[in-house]
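> First to last, the sequence lines map onto chains D and G. Under our numbering, think of the first position of the first sequence as -16, with each following residue one higher. Under our numbering, think of the first position of the second sequence as -12, with each following residue one higher.
You may find that some hints are simply not true.
[Claimed, not checked] Non-contacting residues of chain G with respect to chain D, defined by C-beta distances greater than 12 Å in every case (computed):
#1 Ala4
#2 Leu31
#3 Leu89
[What the hints assert, rightly or not] Calculated cross-link-like contacts (lysine to aspartate or glutamate; reagent style DMTMM-like; alpha-carbon spacing at most 20 Å):
#4 G:Lys93 x D:Glu13
#5 G:Lys93 x D:Glu42
#6 G:Lys93 x G:Glu75
[Claimed, not checked] To spell it out: a stretch of chain D is covered by chain G in this simulated footprint if at least three of its residues, at any positions, have a beta carbon under 8 Å from a beta carbon of chain G; those stretches are:
#7 48 to 61
#8 89 to 95
Bear in mind the hints are in silico, worked out from the structure with no lab data behind them. Since we're looking at a predicted model, the values are computed, not measured. For every residue, glycine included, the Cβ atom is placed at its ideal position computed from N, Cα and C.
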Amino acid sequence: NAGVTQTPKFQVLKTGQSMTLQCAQDMNHEYMSWYRQDPGMGLRLIHYSVGAGITDQGEVPNGYNVSRSTTEDFPLRLLSAAPSQTSVYFCASSSGHTMGSPLHFGNGTRLTVT
Amino acid sequence: AQSVTQLGSHVSVSEGALVLLRCNYSSSVPPYLFWYVQYPNQGLQLLLKYTTGATLVKGINGFEAEFKKSETSFHLTKPSAHMSDAAEYFCAVSLGGGADGLTFGKGTHLIIQP
Chain D
-16 NAGVTQTPKF QVLKTGQSMT LQCAQDMNHE YMSWYRQDPG MGLRLIHYSV
34 GAGITDQGEV PNGYNVSRST TEDFPLRLLS AAPSQTSVYF CASSSGHTMG
84 SPLHFGNGTR LTVT
Chain G
-12 AQSVTQLGSH VSVSEGALVL LRCNYSSSVP PYLFWYVQYP NQGLQLLLKY
38 TTGATLVKGI NGFEAEFKKS ETSFHLTKPS AHMSDAAEYF CAVSLGGGAD
88 GLTFGKGTHL IIQP
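Work the whole structure out from these sequences, hints included.
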């Protein structure tokens, strides 16, 4: 059971370039989300999805787009990368069927924008 | 809106000593509370959670936390620290059961002195 898989593990972009961070889960979880982690800031929610076809914004959504066409996949798109988007990005999923369902995290994508 | 405050960005204890990591939250309704641990270059994994019921919650690796509503606290403790406990610890709060987005504290880096 792979759990939550994120690709790539590392990425370097130039300002203005676009890219998609991939996230896939094989646990049939309805809920998926993206966080960014910055030193001294903890994790901040970017976007989340409560099911296929449904997405919503989190705390820091600007500069990022998401879509959820399948239960398994929840890609995060950067349309025009900026140095402020240098961060470690985590995808997480949860069954959501019971109250307090924990989040299952991927191992992260470390993104550097120069 | 909810928020989480973790006191101390770094905590250092001797091996075998008590571990105490502090977490206070603010929430307009009874929250769901979580502690996660992050080892270097990995994603977060759940240590323990409080949803309802017993206020003393036991988790993995000998950790436990007590929900104190009057103090709006959810401090994490472990009676005897091991070298393997060195990691980043995050307290998190959710109003929706944890599935559709957590609010994280900024994290506490636990250092274990031999």
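> Could you check the structure against the hints above and give me the numbers of any it violates, in ascending order?
Violated: hints 2, 3, 4 and 7.
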